[in-house]
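Go ahead and model the full structure; you've got the sequences and the hints to work with.
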Amino acid sequence: MATKSVEKYSSLEIIKMSLRNNIRQYTMFIALIGIMLIFSLLSGVFFTPRNLSTLFLQTAHIAILASGVVLVIVAGHIDLSIGAVVGLTGAIAAILQAHYGLGVLPAIIITLAVGALIGLWQGYWVAYRDVPAFIVTLAGMMIFNGLLLGVTRGETIATSSMFNKLGQDYIPTLFFINSPKDMLPHDTTIIFLVFVIVAYLWYELKRRKERITYGFDILPIKLFALKIALVISLITAVFLIMALYLGIPYSIVILMVIGSLYTFITTKTTFGRHVYAIGGNKEAAKLSGINIRQRTLWIFISSGILGAIGGIIYTARVGSAAASAGQGMELDVIAAAIIGGTSTLGGQGTIVGAIIGALVMTTLNNGMLLLDVGTTERLIVRGLVLLLAVWIDISSRKRDA
Amino acid sequence: MSNYVLEMENIIKDFPGVRALNNVNFKVRKGEIHALVGENGAGKSTLMKVLSGVYPYGTYEGKILIDGKEQNFENIKDSEAAGIGIIYQELALVKEMNIAENIYLGSEFSTFGIINWDKAISKTTGLLNEVGLTENPYTKVVHLGIGKQQLVEIAKALSKNVNILIFDEPTAALNEDDSENLLHIIRKLKDQGISCIYISHKLKEVKEIADTITILRDGETIETYSNGENVTVDKIITGMVGRELTQLYPRKEHTAGEVVLEVKNWTVYNPEIPDKKIIDGVSFTAKKGEILGIAGLMGAGRTELMMSLFGAYGVKKLGEFYIDSEKADIKGPRDAIEKGFCYLSEDRKKNGLVLMMDIKENITLASLDKISNIRGINENEEIKITNHYVNALTIKTPSIEQKTKNLSGGNQQKVVISKWLMAAPKILILDEPTRGIDVGAKYEIYNIMNDLIDKGVSIIMISSELPEILGISDRILVMHEGKLTAELDWKEASQEKIMHFATGGR
Ligand SMILES: Nc1ncnc2c1ncn2[C@@H]1O[C@H](COP(=O)(O)OP(=O)(O)OP(=O)(O)O)[C@@H](O)[C@H]1O
Ligand SMILES: [Mg+2]
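Just so you know, the sequences run in chain order A and B.
Using the working numbering, the first residue of the first sequence is number 1, and each one after it goes up by one.
Using the working numbering, the first residue of the second sequence is number 402, and each one after it goes up by one.
Do not take every clue at face value.
What the hints assert, rightly or not - Covered stretches of chain B (in silico footprint by chain A; criterion: 3 or more residues with CB under 8 Å from a CB of chain A, positions within the stretch not fixed):
#1 731-740
#2 745-757
#3 766-776
Said to hold, decoys possible - List time: in silico DSS-like cross-link candidates among lysine-lysine, alpha-carbon distance up to 27 Å:
#4 K431/B / K282/A
#5 K740/B / K286/A
#6 K286/A / K751/B
#7 K286/A / K728/B
#8 K268/A / K751/B
#9 K591/B / K286/A
#10 K282/A / K806/B
#11 K591/B / K431/B
#12 K282/A / K591/B
#13 K750/B / K268/A
#14 K785/B / K740/B
#15 K282/A / K603/B
#16 K268/A / K717/B
#17 K286/A / K717/B
#18 K286/A / K750/B
#19 K732/B / K771/B
#20 K797/B / K785/B
#21 K227/A / K268/A
#22 K750/B / K771/B
#23 K603/B / K751/B
#24 K750/B / K785/B
#25 K806/B / K268/A
#26 K282/A / K751/B
#27 K827/B / K282/A
#28 K804/B / K16/A
#29 K227/A / K804/B
#30 K209/A / K771/B
Since the hints were made in silico from the structure, they are not lab data.
Owing to the predicted nature of the structure, the values given are computational and were not obtained by experimental measurement.
Virtual Cβ for every residue (Gly too), placed ideally from N, Cα, C.
What follows is the structure in structure tokens.
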């Protein structure tokens, strides 16, 4: 009676149940595919490996930042300082190299440390001084923007080509030099793909074996195979797109690492569970012995570090740091998280959702640019999509309540 | 024409994975008090939500007739218009507003958006009179005790000209006096021709007040009969549980062991009013293998006493306490839980559950360290442990992945209890552990308590139900206005004695 005994249900019912339980992720995913289809119909250029690879490049920093903000929003807070942090840390990374002659690696390490410090500062005020995050990060936005103006002195600082690889370049080939024209897939990307598929298979099989040893119900073998086949074909599709162009960009490698790490943190760790509990019911979390202040501090430190990573990648992609960098980026990031199903009331949200949300936002931008849609219309459309996504989410939740 | 004001016919309501109501028939006559009883999860609240339009027409099957006319409610406004009012157990008043503002919230007398407060105030005075309140309509609701807040809710319902008034566990959080008063008001309403639907797990009250009783079990109507001489509480129980329950309180001989908790001169100041003492020089001990009952009226400071020891209440605290003869330095719940000192809160929705999370996530919340290692939380262990508690406490749910907000009140309580059982406490404080729980489940919870005692746990139970305090505690402490007024052995205790000390007698 306790567990759903899968034996009792037909395959169709299991699929239905799974659809119902993950409706938000699936709707957003389907919406993303829909948007992509529309653009492919309207523009011949959209669905080419070249454009899709660019699209991934444009998404990377937004998706990374969105992963961090998911934790913040799930815990019931907000971070308005993301854009300013991106600008400031990007400028610091650039200045350390251009004015102080530091190598790429030391510059990156110091920048990440600055990000952590920023997070520590904001987290301290939210967690230990009980100032609402809205205020703390709004103040942070002003302070960091001020600092950004101060360190750049209004100038644009170019970054080294070595550093820029992080935002623009692709992982090198091993054996064949390929070019986009010869349709020869990028070899390291394919090796990477095989590696990811093997890791995924290993994980699923291990999980299944463990459930059997525990005597729990498992998916019927047919469904299990279907699920694995679906996931693998999805992974393969994404990798092939990149393989057919210039390979995997470094920034996407970073996104994959961070995406996996944060998925692990949110779904598998005590820390992650605590974050959801704090956002879901702070009182109950407190009485369950969760150290809310310390958890909150770490959430902001994580947001600060990811802000720095976003700053590094963004600066590298643009190839220079400027006083205007990152402005308004927090809005894209928060929108991505929310489109991806993160509840503004706290307690709910996923990393995968946020990454899909980031893809939706950049796809809209990218596609409309290809169609020569003006900035005005692009902003309006993206605003409307945000509104629509949240409305669909809210009304679907009402229905199953 | 029938002589029923309300007829619900063949109501079927499904939730994902559960059929909450299965062909339920429920008919209420004009001006009667109709009690609806059943175990936790039987479907009582769901039936009332169908009736009041919370679940709109089309989301259930079956017919609702009012005065013989079929009704299709789309929302609560529709049902209100048809004369149905509902009083929930969780009060829905705005604390910072005054009584009149609360009563007319959403239906203000206004012309062009400007509220006519004079009219509202004078009407309010009349309504308060009807429910026996002498308070000034300008009094803020925060300043009222929970019993009076309930009466304000009733006044609010009356302001909408109801013919049918639903009470969903109205007395669960009330003390004896307030409950008595509420029952009196309900009888008065009945005399005015209002039909009252009364849901409660306090069967003695049901027996006392009801004209007709309908029993639900597992989403089905078992029987409806009128309350007369031949109806006994035992008969009601048998109908609810489906078998005979011979004993309400499983008393077991316990031999108390050594002292595990010793509190000396514990004083706590009110965090809002710094020089007011909420707890005043309390000293007591709790022993291994005994149930220490704490009796007292609402507001006597029982919850504050325990929460302050647990590290979750109060800023300025004086005195000291010892756990296992070691001076306890508890800064917060984490420290307490690590010392094996656990506290089950009286308000499960506010302080106990994360409603958005599922059963397993709630049960493991306070002991995640036990099921996680460097590779993170072990999901399989989590499922295994949750299954264990779901079976041991017979939590009624289609799946352990059910969100706790979708469980019935009693099953929610069992989830919170499981959470603390999993934390393996040495000293377990249970604050109103059986509030809103049906007789069968209560019995199970008492058995669980007895099992824990056999394992050497020390239990401290706060309860406002005297029969429960008398029925299972080994030793009883009575509190009055922040002070301990008596310590009684269960053999020498009686309702009268406890009430004497609880009201300040010496
Ligand atoms: N929104 C919901 N989603 C899924 N299941 C639900 C929902 N609401 C209620 N249920 C289920 O329907 C059944 C009946 O619940 P209901 O709340 O009506 O019980 P009840 O008789 O009021 O119990 P209690 O005495 O504990 O309050 C339970 O099994 C419960 O888990
Ligand atoms: Mg109920």
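We went through each hint and held it up to the structure:
1. Counting residues of the stretch 731-740 of chain B whose C-beta lies closer than 8 Å to any C-beta of chain A gives 6; at least three are required, and the coverage claim holds.
2. Coverage of the stretch 745-757 of chain B by chain A holds in this model, with 8 residues showing a Cβ closer than 8 Å to a Cβ of that chain against a need of three.
3. Chain A is given as covering the stretch 766-776 of chain B, and this holds because 6 residues of the stretch bring a CB closer than 8 Å to a CB of that chain, at least three being needed.
4. Annotation: proposed proximity of K431/B to K282/A is violated, straight-line Cα distance about 45 Å (limit 27 Å).
5. Pair hint K740/B plus K286/A holds up; C-alpha atoms about 16 Å apart against a cutoff of 27 Å.
6. Between K286/A and K751/B, the direct Cα distance comes to roughly 11 Å. Compliance with the 27 Å bound is thereby established for this hinted pair.
7. The hinted pair formed by K286/A and K728/B meets the criterion: a straight-line CA distance of about 23 Å does not exceed 27 Å.
8. Note on K268/A and K751/B: the hinted pairing holds, with a Cα-Cα distance of about 26 Å set against a maximum of 27 Å.
9. With a C-alpha separation of about 44 Å, the suggested pair K591/B and K286/A falls outside the 27 Å cut-off, and the hint is violated.
10. A threshold of 27 Å between alpha carbons decides the hint, and for K282/A with K806/B the separation of about 16 Å falls inside it, so the pair holds.
11. Between K591/B and K431/B the CA atoms are separated by roughly 9 Å; this keeps the pair inside 27 Å, and the hint holds.
12. For the hint pairing K282/A with K591/B, the CA-to-CA distance comes to about 42 Å; that exceeds 27 Å, so the pair is violated.
13. Taking the CA atoms of K750/B and K268/A, the gap is about 25 Å. The hint holds against a cut of 27 Å.
14. Restraint check for K785/B and K740/B: satisfied, since their Cα atoms lie roughly 25 Å apart, inside the 27 Å limit.
15. For the proposed pair K282/A and K603/B, the alpha carbon gap of about 31 Å is over 27 Å, so the pair is violated.
16. Between the alpha carbons of K268/A and K717/B the distance comes to roughly 38 Å, so the proposed pair goes past 27 Å and is violated.
17. Between K286/A and K717/B the alpha-carbon distance is near 19 Å, which keeps this suggested pair within the 27 Å criterion.
18. Taking the CA atoms of K286/A and K750/B, the gap is near 14 Å; set against the 27 Å cutoff, the hint holds.
19. Proposed proximity of K732/B and K771/B is supported: the alpha carbons are some 22 Å apart, at most 27 Å.
20. For the given pair, K797/B sits about 17 Å from K785/B by alpha-carbon distance, which is consistent with the 27 Å threshold.
21. For the hint pairing K227/A with K268/A, the CA-to-CA distance comes to about 21 Å; that is within 27 Å, so the pair holds.
22. This hinted pair checks out: K750/B and K771/B have alpha carbons roughly 25 Å apart, not beyond 27 Å.
23. Note on K603/B and K751/B: the hinted pairing holds, with a Cα-Cα distance of about 23 Å set against a maximum of 27 Å.
24. Between the alpha carbons of K750/B and K785/B the distance comes to roughly 25 Å, so the proposed pair stays at or under 27 Å and holds.
25. This hinted pair checks out: K806/B and K268/A have alpha carbons roughly 23 Å apart, not beyond 27 Å.
26. Between K282/A and K751/B, the direct Cα distance comes to roughly 9 Å. Compliance with the 27 Å bound is thereby established for this hinted pair.
27. For the hint linking K827/B to K282/A, the alpha-carbon distance of about 25 Å falls within 27 Å, and the restraint holds.
28. Using a Cα cut-off of 27 Å, the hinted pair K804/B and K16/A holds, with the two alpha carbons roughly 18 Å apart.
29. Between K227/A and K804/B the alpha-carbon distance is near 25 Å, which keeps this suggested pair within the 27 Å criterion.
30. Between K209/A and K771/B the CA atoms are separated by roughly 22 Å; this keeps the pair inside 27 Å, and the hint holds.
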